[in-house]
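Peer 1: Starting from the known structure of chain P, arrange chain U on it as the hints suggest.
Protein chains: 2
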Amino acid sequence: MSTKQDDEIAQERLVDLAAEFYDQFASGEVPQMNIPTRTKSNIVFDEESKVWVYGDRTSTRSANSVRGARKLLKAAYAIEFLVNQLEADRSSTLRELYYLSESWDNEEAQFSSQDESNQLIEDLEIVSGVTREDFHMRPEESGATLMGPLELREQTRRGEREIHCQKDVGEGGYQIPNNPDTIDFLDHDIDFVLCVETGGMRDRLVENGFDEEYNCLVVHLKGQPARATRRITKRLHDELDLPVVVFTDGDPWSYRIYGSVAYGSIKSAHLSEYLATPEARFVGIQPEDIVEYDLPTDPLADSDVNALESELEDPRFETDYWTEQIELQLDIEKKAEQQALASRGLDFVTDTYLPERLSAMGVL
Amino acid sequence: MSTKQDDEIAQERLVDLAAEFYDQFASGEVPQMNIPTRTKSNIVFDEESKVWVYGDRTSTRSANSVRGARKLLKAAYAIEFLVNQLEADRSSTLRELYYLSESWDNEEAQFSSQDESNQLIEDLEIVSGVTREDFHMRPEESGATLMGPLELREQTRRGEREIHCQKDVGEGGYQIPNNPDTIDFLDHDIDFVLCVETGGMRDRLVENGFDEEYNCLVVHLKGQPARATRRITKRLHDELDLPVVVFTDGDPWSYRIYGSVAYGSIKSAHLSEYLATPEARFVGIQPEDIVEYDLPTDPLADSDVNALESELEDPRFETDYWTEQIELQLDIEKKAEQQALASRGLDFVTDTYLPERLSAMGVL
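Top line first, the protein sequences correspond to chains P and U. Using my numbering, read the first sequence as starting at 375 and increasing by one per residue. Using my numbering, read the second sequence as starting at 375 and increasing by one per residue.
In short, the hints are calculated from the structure, not lab data. For clarity, every value in this text was computed on a predicted model and none was experimentally measured. Incorrect hints may appear among the rest.
Identical copies go unnamed one by one, so any copy, or any two together, can satisfy a pair.
Pairs of lysine to any residue residues, derived as SDA-like cross-links and limited to a Cα-Cα distance of at most 20 Å, are as follows [unchecked claim]:
#1 Lys541 <-> His611
#2 Lys541 <-> Glu525
#3 Lys378 <-> Phe722
#4 Lys708 <-> Glu476
In isolation and in its complexed conformation, chain P is listed as follows:
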């Protein structure tokens, strides 16, 4: 839960950052901020937390140029805004921050594009060790939905809400709030968590009662999952000790969706310990399934081939399993969507495919 205490820690860290600039000035140094280099070559596997984090290489934002000085000025203004926001128990979106800067008294401190303000917030996350959610910065788009035997309590601005994610929700399920750390898990009957890429497949599983029959919690990823969706998935795994499996289309873009659940992204490796579920496993559609279940396919486009080749060189996919599957796919030159399972009938996915795959994986 995002508590008063979390808010105070966030404020403190932000003020510490500003104080550091001040101390550098006071001691006659040129103020600067050091930030890990955020590229594929600077991520390393952390054995302890089992996630990919940034390595030792850093980049410096220094006031030794006009451009650099302006960056630190903007950082100082943003810090002031965030500290005030936390004090008032308000929140805002990244886009609102960008527009809001137009009201700042110093024109040099105003952001010239939303990319600039977005990046600054990421920098502040990294340097302060506090997540954007704890700054009370909301994303533009909300998380997805849950359906399954889970009872939770959400702390809203309007008081607590206790919600059972099957009995108290409509067919659309429970909408994950922007900051899922406002949720406490009260009770559950879940055997495993099933993250599903597409809305069509999510609805299929719910219509067929898969969550009821197999005591599973269906998490709709809605394509590339929002931070809120990844965060709640991680918390379900860590706090309730539940296996997590990911069910997507069978193409390189969907493997990246799996990757973002399991390994985190290169752009936000500073958040891996907060967002990634390294124990999450991939159900499919595997290239092997395309062959085994003789699924309707589309040919790989050039961009698919490039993406697969780039995955072969990505340290996060350097396992025997992924090497084998990706090489198989490059060999058969085909991809398949998860809804292609409907070519064997609408119940094939819940009666045959998932039970077979989950048994083979030892989840059932």
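Peer 2: Positioned in the frame of chain P, the structure of chain U alone reads:
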């Protein structure tokens, strides 16, 4: 509500269609299906229902060519599938239908692309006068969310759920199901319905308690609204006699979002009476607001200018209000996002802008 009776009507109409092909065959005619021409030049304003519907021009799908005959064969197979689906009280997505056709015994009846199966379902909607929802065809992506003083009952496959859209939901709100005709409105305290384009603005309104202070129901459109979102908006207006206002960014694409709520789309003018809320009014961001509130703007791109010019020629936008606003925008050559209101502070939208605009419109 989608009742057993609705299902029976849908089945009957579908079987009637197939019977018509049969009768045509039996009487020695070449089977055919007549469908309204779906272009901008063939939509007319229906004075009675106040929505734009198709005019008199029709296109014919006839079996007098191999291509045409194959189309009718596919229609016959799809009709059989839909009738069976309704009998079994199942449902499926458009994509599942496409894949499922691979299991049909006649290869000529299988769809060669999803565009083809999508279009066939639209044709069947038009010819049968039954909506896709009543065929039990689900969209890929679900509707958006509601937040406000509304108590409803949703008929789910797992029984009835009674939900208050403030007291029984988290901050994410109530997720609209794929077919909102499974909802009954039980009780409400709503003065007006406020449809909002972006997630960031929706969250701002909810954080600021705008729904509580003004007794309004906030409907998140999520960009171009899904059918489910438009349908429930229309039902709120018609059944509860509530004013509906639409709040979007200030650019031509957003005016189209307003247009799809108010007037329906050219592609689905056969559904206007089911989906469109012609009494819905546009709050803003109006081009006039850009000037009046001195909002941060972006210059119009060429594609924006083209879209605005095309709207000037669109019969649905041929009103004094829209002509004036669009000409003003072409003149100032600027557009603004709804979140640009944050340049005047995070509460400006709820304390000043919306109260001023809604008072001027007579809604408050």
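Peer 1: Could you work out which earlier hints the structure fails to respect and list their numbers in ascending sequence?
Peer 2: 1 and 3
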